[in-house]
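These protein sequence lines map, in sequence, to chains A and B. The opening residue of the first sequence carries number 0 in numbering that gives the first Met the number 0; numbering runs sequentially from there. The opening residue of the second sequence carries number 0 in numbering that gives the first Met the number 0; numbering runs sequentially from there.
Hints were generated in silico from the structure; no laboratory data involved. Note that CB positions come from ideal geometry on N, CA and C, so glycine has one too. One or more hints might be untrue.
One-sided excerpt, in silico: chain A residues whose CB lies under 10 Å from chain B [stated by the list, open to error]:
(1) Asp12
(2) Val173
(3) Ile175
(4) Glu185
(5) Val210
(6) Tyr212
There are 2 protein chains.
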Amino acid sequence: MTRLVVDISVSLDGYVAGPNQSLDEPLGENGEMLHDWVVGTKQFKDMHGGEGGETGIDNDIGAEHLSHMGATIMGRHMYSGGEGPWEDDPKARGWWGDDPPYHHPVFVLTQHAREPLPMEGGTTFHFVTDGIESALEQARAAAGDQDISLAGGGQVISQYLKAGLVDEMQLHVVPIFLGGGARLFEGHVAQAPGQLELTRVVESPTGVVHVKYELAGR
Amino acid sequence: MTRLVVDISVSLDGYVAGPNQSLDEPLGENGEMLHDWVVGTKQFKDMHGGEGGETGIDNDIGAEHLSHMGATIMGRHMYSGGEGPWEDDPKARGWWGDDPPYHHPVFVLTQHAREPLPMEGGTTFHFVTDGIESALEQARAAAGDQDISLAGGGQVISQYLKAGLVDEMQLHVVPIFLGGGARLFEGHVAQAPGQLELTRVVESPTGVVHVKYELAGR
Numbered sequence: 000m001t002r003l004v005v006d007i008s009v010s011l012d013g014y015v016a017g018p019n020q021s022l023d024e025p026l027g028e029n030g031e032m033l034h035d036w037v038v039g040t041k042q043f044k045d046m047h048g049g050e051g052g053e054t055g056i057d058n059d060i061g062a063e064h065l066s067h068m069g070a071t072i073m074g075r076h077m078y079s080g081g082e083g084p085w086e087d088d089p090k091a092r093g094w095w096g097d098d099p100p101y102h103h104p105v106f107v108l109t110q111h112a113r114e115p116l117p118m119e120g121g122t123t124f125h126f127v128t129d130g131i132e133s134a135l136e137q138a139r140a141a142a143g144d145q146d147i148s149l150a151g152g153g154q155v156i157s158q159y160l161k162a163g164l165v166d167e168m169q170l171h172v173v174p175i176f177l178g179g180g181a182r183l184f185e186g187h188v189a190q191a192p193g194q195l196e197l198t199r200v201v202e203s204p205t206g207v208v209h210v211k212y213e214l215a216g217r
Numbered sequence: 000m001t002r003l004v005v006d007i008s009v010s011l012d013g014y015v016a017g018p019n020q021s022l023d024e025p026l027g028e029n030g031e032m033l034h035d036w037v038v039g040t041k042q043f044k045d046m047h048g049g050e051g052g053e054t055g056i057d058n059d060i061g062a063e064h065l066s067h068m069g070a071t072i073m074g075r076h077m078y079s080g081g082e083g084p085w086e087d088d089p090k091a092r093g094w095w096g097d098d099p100p101y102h103h104p105v106f107v108l109t110q111h112a113r114e115p116l117p118m119e120g121g122t123t124f125h126f127v128t129d130g131i132e133s134a135l136e137q138a139r140a141a142a143g144d145q146d147i148s149l150a151g152g153g154q155v156i157s158q159y160l161k162a163g164l165v166d167e168m169q170l171h172v173v174p175i176f177l178g179g180g181a182r183l184f185e186g187h188v189a190q191a192p193g194q195l196e197l198t199r200v201v202e203s204p205t206g207v208v209h210v211k212y213e214l215a216g217r
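Next comes chain A alone, as it looks inside the complex (with noise of 0.2 Å):
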């Protein structure tokens, strides 16, 4: 059964950017160490056309996430980083430039309807306009017999959790202060008993705790 994955890098103070996020820095102000255990793995590097890159836990964990992957869902500032009309929007194809690391469809969920956009690679973006619990449907006919990544905001992953929609969830809590920025948990994600149950620590050389959780729905 396709299950709704979210695998996200947070730092200890909660942040998923940091702030004053922009176009130059769209991660926000130190927001890229947040990604610095996982850049140097090798799996990150065969992603994205590297080569080389360094093998143990955190190169297991990164590929291990990727490896049953089958739609990618996100909002549309992680996909842009922009809002309102498409036309005025400098990074309308996306920030990952003609080969998007995905390999598989990916929806974004906006208040601004447009055509599908193949790209090279295997990845198409669809954008998704009537809300969250479409876009899941379709991806979930779109993942086959694979899950689903909720790739983030922590927006747009709080809307899910709100909605008990989300089946998995693995934090990377770096251990790094952002002091400000994208938190991953606003906005009164309420607690329902036995909602969270730890299925895994994984304590990496980098001091980076891989944990993850199942989440029951409501």
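The hints should help you fit chain B onto chain A, whose structure is shown.
Same frame as chain A, but now just chain B:
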């Protein structure tokens, strides 16, 4: 050398107390769930005059922290839940009855001066009106060759973090969402490179992740 140590339970969404704190619910809605992992342990029952209790990982973690604390620092809100003049504070003698579970000097940060308050069992509350560094100095003098526990709440911890005065921090990450309340990391604790070093991760059968960091000074 005496160290300043934070040791605190936090929900997965980053709160050290739930929403709507009150005299009836000092930890806010569902906030008691933050401490379920510790209140059932043998060391906790021993400390609070009870009997029995569970042994195991959570018990060991709790006992370890308490074994080397010679003084405690806390904020006024954690001490009594009140503010303003002491004569109007229904919890002016603290939450814990005649024999508080500290058994050493406790330094309470407040804007309202007051004579020291000796309690049973070795706890004396000292009221510090001239700031966090003064409280730390006084606690250091009182702790001898033991360490100082920075008990909370979140705002006080943030103040000490911002000032670069915390030496060690252990978080007990509890698998619940509180959805609001008092955040542990609020108020722009800025990043210093290399500031945080992961030193230990312990996974408990209760689903709590005990994660410990060393902090470099600034």
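Each hint tested on the structure:
1. Asp12: Holds - the Cβ of Asp12 (chain A) comes within 10 Å of chain B, reaching about 4 Å at its closest.
2. Val173: Holds, about 9 Å.
3. Ile175: Holds. Min distance 5 Å.
4. Glu185: holds, 9 Å
5. Val210: holds, 6 Å
6. Tyr212: The hint holds - Tyr212 (chain A) has a Cβ within 10 Å of chain B, the shortest such distance being about 6 Å.
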